[in-house]
Amino acid sequence: MGRSSTVKETQALFQSLRSAYAATPNNLKIIDVYVGFAVLTAVIQVVYMAVVGSFPFNSFLSGVLSCIGTAVLAVCLRIQVNKDNKEFKDVAPERAFADFILCNLVLHLVIMNFMG
Amino acid sequence: MARSLPGFLALIVAVALICCSFAAAASTFQPISESHRSAALETFDRSYGSLEETYEALQTFDVLGVERKPDVGTAACQSVSQTLVSSSSTLKDIFYALKVNGVLKCEVDADSVEGIVSTLQTAVGSASSLLEFYHSIGGLVLVKNQALKDDLYLADAEGVFRSIKALSQSDGRWRYSSSNPESSTYAAGLALEALAGVISLSSSEIDQSLIGTTKNDILKLFERVEKYDDGAVYFDGEESDAHENQGPITSTWSVIRGITSFAAVTSGNLNLPGEKILGLAKFFLGVGIPGDAKDFFNQVDSLACLENNRVAIPLILSLPATVNSLTRKDTLKVKVSTVLGSDAPPLKIKLVRAKDTPAIESQELKFDSANKVHVLDTLEKSVDVGNYIFVFEIVFNDPEHKKAYAVESKTEVPIFLTGAVKVGNAKIAVLDSDLGSIETQNLDFAGENLVSLGANHLQKLKLRFQLTTPLGHPFKPHQAILKLTHESKVEHVFVVGNTGKQFEIVLDFLGLVEKFYYLSGKYEIQLTVGDAVMNSFFRVIGHLDLDLPEAPEKAPRPPVQPADVYSRYGPKAEIAHIFRAPEKRPPQELSLAFLGLTVLPLLGFIIGLLRLGVNLKNFPSAAAPAAFAALFHVGIGAVLLLYVFFWLKLDLFTTLKILGFLGVFLLFVGHRTLSHLASTSSKVKSA
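Residue numbers (my numbering), protein chains in the order written: chain A, 54 to 169; chain B, 28 to 714.
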């Protein structure tokens, strides 16, 4: 009885999450997909390092930090672009996007330098 | 042999030092010899610039009796005739032309002689400086001596004499002219020669008081003379701005010419002490063989003047050999000659004494008229080997010669008398402290036998021998050294002590154990005996098998002997470098696989975008905004491409430079695009 209710409850939870998520605007969904892509790439790199060892450690760091960094910047963009967020109401989404691009470029310059 | 090299070298150095020390104490002079003649040929073997140089070379060859090249004579004669004929020749040229003519005896025609004589007479009359007087009067004297013109006299000789005398100074030196206060010894010599020329050219006698004052000037001049320790006497030159710096050789030459020519034309004595004349001769003989042509000429000409002069002719006492062997029965030879090597008048040489050696008595040397040397042949009976300083005295057969010749009162000469020293009574023994001598062996230094001994650290080695001179006296050499050499080439040197009659050394091995670095084994025994006056030797006497105790922990190690003297210049040992082991890399396939895996999320991203219905509807359609939008994307792409290049090839500074340009461009374009987008979306909102 409890088990099936837990399963039903989790199922119901997932359903509600899904439907709520479906309601999010498209641009936010694009950003979410981007974040997922970046994090997945980082995970694959970590698995590789676990397999072969961390010999060129700076390369590993730069690769992982590039992914994580760009993911973080994308999250910041999502926060700023989200219309439901009252704090960033006066920031135009284009301005947030420009910041995102700029910060990405700086991050990748540093990453390229560090990669060696 | 190689092992005894240091000992041998020490011996050579000792001999050289002894010779040098004796050379400083009392040196001998040698008259002009064959080496001078060959040196003259070398020094003057070149083309001569002026008549002065030509004269110097010709005069040197003439005095030394060296044959000159024939073409030199003809070329010089041509130059002489040209100079004597030409009306533009200076006094100096005429003077030297006449000098050359005096040596070569060229053909000079009478007309040029007349012209020359009148030029010179006019010059004498109008001369004001010393050099003008010297060249003009000298020229006239040469004309007279070469018999080119008869009845040649100076008008107003006394007046000329007084004019030259007026340039003299109270210290004996002469000034060059009345206007110039500079004076020199060289000028004094020129003046004396000129005054002598005036006396010889005057038709009547010059006032004796003038000649007397000139003789006083000469005496004053000789008070300025400088001395060396070995008796050489010379005149130091003066520094001069107007004339060439006259060094000691040139100044002394000038004075010698002056006084010898003055003495030749005056009667009576110059009252110069004979030692000073002898000292001047010693100065020039002591110069040796000069390297400079001018110095060579000055030396040879001075000696030629001294050879036959009316003041005093110096005689030189010389020894052809100062090292004589008693064993070979050499006789001591002594020679007395003039400075140019000509014979001396009949005289006797006495060996007065030997310094610090009372045993040698005063004796007379026998004269060998065939070889013109004086011989002392009684040496080997009375005198033993060693270094001596013999004192010789010259006694003339005719007492009148004492005034005409200048000799040294007592000549000191260092002599080495060498001989074969015999080694006798040589014994080597190994001594035990309790039992006394264990084995004594007689050493025979003449033969080739080597002794073989054995000893341990509780015993002693004793060596004893005697040295006897040819006359049978005990001899003490400069060096008596015993050397023990281990098989590993470690050497130990000991000095053999002298107990008056014999040499003895005792090596107590108990005390020497540490000095020998506790090295047991075979030692080679070598004895070195050396001195300048004996037949020095070093011999390997034999071998000693030495048994020493074991070395304790803290004992000093023997110094490392080089295996080969030059081994330190050979290649050094190879160094093996240890590099850090390279890190283990994964197999390439695994890496490529994961590279592929990394690309997968990118594909997932694109698929996700497509599923979301991404479109480009918001892309501006109007031309200008579209262009800006396109440029914006191009700009971002360019920056990313720059980063790829940065990773592949570029350095940070280049990248930053390009990034600067691209960044500015991107900012501008991006701003335009995004502001356009913002304005369109706000229009949509408000609409």
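Think of the hints as simulated: they come from the structure by calculation, not from any bench.
Please read these numbers as outputs of a predicted model, since none were measured by experiment.
Glycine included, every Cβ here is placed at the ideal spot set by N, Cα and C.
Errors might be hidden in some of the hints.
Simulated crosslink set (DSS-like; lysine-lysine; CA at most 25 Å straight-line) [as the list claims (entries may be wrong)]:
| # | chain 1 | residue 1 | chain 2 | residue 2 |
| --- | --- | --- | --- | --- |
| 1 | A | K139 | B | K712 |
| 2 | A | K82 | B | K487 |
| 3 | B | K710 | A | K139 |
| 4 | A | K136 | B | K487 |
What follows is a set of in silico ranges between Cβ atoms, one per label pair, in the way DEER data are often shown [stated by the list, open to error]:
| # | chain 1 | residue 1 | chain 2 | residue 2 | range |
| --- | --- | --- | --- | --- | --- |
| 5 | A | V105 | B | Y593 | 53 to 59 Å |
| 6 | A | F141 | B | F646 | 21 to 27 Å |
| 7 | A | T59 | B | F646 | 46 to 52 Å |
| 8 | B | K644 | A | E140 | 40 to 46 Å |
| 9 | A | F141 | B | K644 | 36 to 42 Å |
| 10 | A | L66 | B | L629 | 45 to 51 Å |
| 11 | A | T59 | B | G631 | 29 to 35 Å |
Among chain A residues calculated to face chain B with C-beta under 7 Å, some are [claimed, not checked]:
| # | residue |
| --- | --- |
| 12 | N79 |
| 13 | I84 |
| 14 | V86 |
| 15 | F90 |
| 16 | Y101 |
| 17 | V105 |
| 18 | S107 |
| 19 | D143 |
| 20 | A145 |
| 21 | L158 |
| 22 | H161 |
| 23 | V163 |
| 24 | M165 |
Hint check results:
{"no.": "1", "hint": "A:K139 - B:K712", "verdict": "holds, 18 Å"}
{"no.": "2", "hint": "A:K82 - B:K487", "verdict": "violated, 111 Å"}
{"no.": "3", "hint": "B:K710 - A:K139", "verdict": "holds, 22 Å"}
{"no.": "4", "hint": "A:K136 - B:K487", "verdict": "violated, 116 Å"}
{"no.": "5", "hint": "A:V105 - B:Y593: 53 to 59 Å", "verdict": "holds, 57 Å"}
{"no.": "6", "hint": "A:F141 - B:F646: 21 to 27 Å", "verdict": "holds, 25 Å"}
{"no.": "7", "hint": "A:T59 - B:F646: 46 to 52 Å", "verdict": "holds, 49 Å"}
{"no.": "8", "hint": "B:K644 - A:E140: 40 to 46 Å", "verdict": "violated, 30 Å"}
{"no.": "9", "hint": "A:F141 - B:K644: 36 to 42 Å", "verdict": "violated, 25 Å"}
{"no.": "10", "hint": "A:L66 - B:L629: 45 to 51 Å", "verdict": "violated, 31 Å"}
{"no.": "11", "hint": "A:T59 - B:G631: 29 to 35 Å", "verdict": "holds, 31 Å"}
{"no.": "12", "hint": "N79", "verdict": "holds, 6 Å"}
{"no.": "13", "hint": "I84", "verdict": "violated, 11 Å"}
{"no.": "14", "hint": "V86", "verdict": "holds, 4 Å"}
{"no.": "15", "hint": "F90", "verdict": "holds, 4 Å"}
{"no.": "16", "hint": "Y101", "verdict": "holds, 4 Å"}
{"no.": "17", "hint": "V105", "verdict": "holds, 4 Å"}
{"no.": "18", "hint": "S107", "verdict": "violated, 10 Å"}
{"no.": "19", "hint": "D143", "verdict": "violated, 13 Å"}
{"no.": "20", "hint": "A145", "verdict": "holds, 5 Å"}
{"no.": "21", "hint": "L158", "verdict": "holds, 6 Å"}
{"no.": "22", "hint": "H161", "verdict": "holds, 6 Å"}
{"no.": "23", "hint": "V163", "verdict": "violated, 10 Å"}
{"no.": "24", "hint": "M165", "verdict": "holds, 5 Å"}
In this structure, the hints that do not hold are numbers 2, 4, 8, 9, 10, 13, 18, 19, 23, in rising order.
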